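Chemist: Read off the chains here:
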Amino acid sequence: MSWIREGELNLIEKLSANILKAGPMPKHVAFIMDGNRRYARKRQVERQEGHTQGFDKLAETLRWCLNLSIHEVTVYAFSIENFKRSKDEVDGLMELAKQKFIRLLEEQENLEKHGVCIRVLGDLTLLPLDLQQHIARAVVATRTYNKCFLNVCFAYTSRHEIANAVREMAWGVEQGLIKSSDVSEALLGQCLYSSNSPNPDLLIRTSGEVRLSDFLLWQTSHSCLVFQSVLWPEYSFWNLCDAILQYQFNHRPLQKARDQHREGQALQQYEADLACVADLLQHHGNGKPLDAQRRQEALLNYTASREERVQNFLGALQHKRDSFLTDLTSQAALA
Amino acid sequence: MAVVYEFVWQVLHVLLHIHRTLITWFRTRLRNWNGQLWSRALTALLVPIALSFPNPKNLVPAPGKRVGRRYRCGTDGKSLEKLPDHIALLIAEEEPRYTDIANLVVWCMAVGISYVSVYDNYGVFRRNNSRLMDEILKQQQELLDLEGSKQLSVEFLNNGTVKQDQQVLSCQSVLKVLSPDDGKLRIVQAAQQLCRAVEQREKTSKDINVTVLDSLLRESKSTPDPDLVLKFGPVESTLGFLPWHIRLTEFISLPSHVDVSYEDLFSALQRYASCEQRLGK
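In order, the protein sequence lines correspond to chains A and B.
Take the first sequence: its letters are residues 1 to 335, numbered as in the UniProt record's numbering.
Take the second sequence: its letters are residues 1 to 281, numbered as in the UniProt record's numbering.
None of these hints come from the bench; they were simulated from the model.
A quick note: this is a predicted structure, and the numbers were derived from the prediction, not measured.
Take these hints with a grain of salt, some might be off.
Far from chain A, some chain B residues (derived; all Cβ distances over 12 Å) [unchecked claim]: (1) V4; (2) S130; (3) Q139; (4) Q140; (5) Q141; (6) Q192; (7) T223; (8) F251.
Below, a list of computed lysine-lysine pairs in the DSS-like style, where the Cα atoms sit at most 30 Å apart [stated by the list, open to error]: (9) B:K78 <-> B:K138; (10) B:K176 <-> A:K42; (11) A:K100 <-> A:K84; (12) A:K98 <-> A:K42; (13) B:K206 <-> A:K100; (14) A:K179 <-> B:K203; (15) A:K27 <-> A:K320; (16) B:K281 <-> A:K98; (17) B:K176 <-> A:K256; (18) A:K320 <-> A:K100; (19) B:K82 <-> B:K138; (20) A:K100 <-> B:K281; (21) A:K179 <-> B:K206; (22) B:K138 <-> A:K84; (23) B:K176 <-> B:K206; (24) A:K100 <-> A:K113; (25) B:K176 <-> A:K84; (26) A:K42 <-> B:K82.
What follows is a list of derived Cβ distance ranges for each label pair [what the hints assert, rightly or not]: (27) B:V8 <-> A:S236: 18 to 26 Å; (28) A:V45 <-> B:Q10: 40 to 48 Å; (29) A:K27 <-> B:I18: 22 to 30 Å; (30) B:K281 <-> A:E107: 32 to 40 Å; (31) A:R321 <-> B:S215: 23 to 31 Å; (32) B:K206 <-> A:E308: 40 to 48 Å; (33) A:A332 <-> B:E94: 52 to 60 Å.
We put the beta carbon where it would ideally sit given N, CA and C, even for glycine.
Full structure from sequences and hints, please.
Modeler: As structure tokens, then:
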């Protein structure tokens, strides 16, 4: 299958994989696949060839991830900032993407066999319509598979993603599905493009650059960041193992930081609920102070109703997103 | 068989742990020696072994020059190709040493960086704000070379209020003390604000975009996003530091802020100066 290279690890690789797996393993790894153009310059080939080799390396890396029981991978394929590149390069990348998605759909059986769910994260409306339609077909076709997940960030920046999540929450308020006081860190997280995935445990950036370039800024706040100097098309199994080792080193302190953050979040939510209940009681009460038990009951009721509102809103949001994709696929069918 | 693998894994991690501790130990030892030849030789020995060490570049121990040296911070700053407008010191270590952090802040300002932020994962600096400020003022007196009676004046920005220093300013820097609440929580608060505006029909959801959100999250129009984060400590993560603002920030890791030297800071700045930002192009 073109998107995931067939093959198994050799003996030494298998041995190393088994040793690594004795420790904590990341369940979700994100890659910033940087260095295609520098690789092309180094090998004195066309830029487009660099990108093609980059895609082949992605296929190989996905194979290694599966061998290492890493079942979710997110990659940064194309940033909204990349539209600033020359028309030739952008068109070339769009064409490459289109071919890869068409090829993907031709290998439907293999996808089903491996249970690969493909998701594309980003503002698809910025892409050419035919590419949008191919993407929609691939996503809809693999929606129900759940053995492993590949998230491709295309026409994506983290700021756009966060702003979009805020816009969706505002839409929810407009529709009367949620109140502005329901807005919380957890809810924002669930309105991101990546809402169906857990946060990445490990973020790897190749080619030696040491920045995040507007990639998963919200989701990677407590992830292990590994910057490696190898160029993406030259990435090897051992580079991946090295990154995983560093993840294992950082595992405990990061777990601690994450737990602490979660506790803080829960406390903030509790206090917010308390404030809302106090507000409600003030407005609707008869002036008499309630005893502790009634107050506790009111709080529980409020929390339950807030959670119900939020679930309804998230259902409506998911439906909106699904309809967008299904509309694209029916357009493609008619064309 | 699983037991064997687990055993090997344990051994591997113990070895790597010992290796890391040795490197740090050597680094502190070598710093105290003035023999540059020694330090270079030992480094040459250590670097090939350091295959799985995160940042081999930071293994090179600084030549042991400590307090008492006259710092030519201003000239050093001008010698760099580019200086960050805004540097953030991310302390990812358990016990912060106020003196060392104060040193770093003062050096950054002396070198010519206009905005300096200090961040830790537990919000300790926020809570002990005044202690940090006192320490900084103290270090400012001790360490700076008073070149031509130019004194640095520091404007402390804390929770939006501005405290003015008494001295007349000819060179001004801004210090911000940040905590995790300035990160995701601020974004959520901005989102709540926008949703309230929508609730009250002052805005529609379609009005919300990156620019609108950015202007809400920018503390003041003149404060730039951090160009460089210097991370101190072994943990390889941003630990919740300003998620919105770090989209183009360079991250340079240093092993520890404890006994950090000016040379450590300067070599990090030199490394920053050689970074090439293509901004998507």
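Chemist: Does each hint hold? Answer for all of them.
Modeler: Structure-based check of each hint:
1. Residue-level check failed: V4 of chain B sits 9 Å from the nearest beta carbon of chain A, not beyond 12 Å.
2. Every Cβ of chain A is farther than 12 Å from the Cβ of S130 of chain B; the closest lies at roughly 24 Å, confirming the non-interface assignment.
3. Look at Q139 of chain B: its CB is around 28 Å from the nearest CB on chain A, clear of 12 Å, so calling it non-interface holds up.
4. Non-interface status of Q140 of chain B relative to chain A is upheld: no Cβ of that chain comes within 12 Å, the nearest being about 30 Å off.
5. With a closest Cβ-Cβ approach of about 35 Å to chain A, Q141 of chain B is found to remain outside the 12 Å limit, as its non-interface label requires.
6. The Cβ of Q192 of chain B does not lie farther than 12 Å from every Cβ of chain A; its closest approach is about 5 Å, which violates its non-interface assignment.
7. Residue-level check passed: T223 of chain B sits 17 Å from the nearest beta carbon of chain A, beyond 12 Å.
8. Under the 12 Å C-beta cut-off, the non-interface status given to F251 of chain B relative to chain A is violated; the minimum distance is some 5 Å.
9. Taken as a hint, the K78 of chain B and K138 of chain B pair is honoured in the structure, with Cα atoms around 25 Å apart against an allowance of 30 Å.
10. For the proposed pair K176 of chain B and K42 of chain A, the alpha carbon gap of about 43 Å is over 30 Å, so the pair is violated.
11. Between K100 of chain A and K84 of chain A the CA atoms are separated by roughly 22 Å; this keeps the pair inside 30 Å, and the hint holds.
12. Under the criterion of a C-alpha separation no larger than 30 Å, the hint pairing K98 of chain A with K42 of chain A is consistent with the structure, at around 27 Å.
13. Pair hint K206 of chain B plus K100 of chain A does not hold up; C-alpha atoms about 33 Å apart against a cutoff of 30 Å.
14. The straight-line distance between the Cα atoms of K179 of chain A and K203 of chain B is roughly 15 Å, inside the 30 Å bound, and the hint therefore holds.
15. Annotation: proposed proximity of K27 of chain A to K320 of chain A holds, straight-line Cα distance about 29 Å (limit 30 Å).
16. Proximity of K281 of chain B to K98 of chain A is assessed by CA-CA distance (about 21 Å); at most 30 Å being required, the pair is judged to hold.
17. Of the pairs offered as hints, the one joining K176 of chain B and K256 of chain A holds, with about 26 Å between alpha carbons and a cut-off of 30 Å not exceeded.
18. At most 30 Å may separate the alpha-carbon atoms for a hinted pair to count; K320 of chain A and K100 of chain A meet this at roughly 26 Å.
19. Pair hint K82 of chain B plus K138 of chain B holds up; C-alpha atoms about 29 Å apart against a cutoff of 30 Å.
20. Distance hint between K100 of chain A and K281 of chain B is fulfilled; the C-alpha atoms sit about 23 Å from each other, no more than 30 Å.
21. Straight-line distance between C-alpha atoms of K179 of chain A and K206 of chain B comes to about 17 Å, which keeps the hinted pair within the 30 Å bound.
22. Proximity of K138 of chain B to K84 of chain A is assessed by CA-CA distance (about 48 Å); at most 30 Å being required, the pair is judged violated.
23. Restraint check for K176 of chain B and K206 of chain B: the C-alpha separation of about 33 Å exceeds 30 Å, so the hint is violated.
24. For the proposed pair K100 of chain A and K113 of chain A, the alpha carbon gap of about 19 Å is at most 30 Å, so the pair holds.
25. For the suggested pair K176 of chain B and K84 of chain A, the alpha carbons sit about 34 Å apart, so the restraint of at most 30 Å is broken.
26. Only pairs whose Cα atoms come within 30 Å are accepted, and K42 of chain A paired with K82 of chain B is accepted, the gap being roughly 27 Å.
27. The supplied range of 18 to 26 Å is met by V8 of chain B and S236 of chain A, whose beta-carbon atoms lie about 21 Å from each other.
28. Range check, V45 of chain A to Q10 of chain B: Cβ separation about 45 Å, and the 40 to 48 Å hint holds.
29. Between K27 of chain A and I18 of chain B the C-beta distance comes to about 29 Å, which sits within the given range of 22 to 30 Å.
30. Between K281 of chain B and E107 of chain A the beta carbon distance is about 34 Å. The supplied range of 32 to 40 Å therefore holds.
31. Separated by about 28 Å at the C-beta atoms, R321 of chain A and S215 of chain B satisfy the suggested range of 23 to 31 Å.
32. Checked against the hint of 40 to 48 Å, the C-beta distance between K206 of chain B and E308 of chain A comes to roughly 27 Å, which is inconsistent with it.
33. Between A332 of chain A and E94 of chain B, the C-beta spacing of about 56 Å keeps the proposed range 52 to 60 Å intact.
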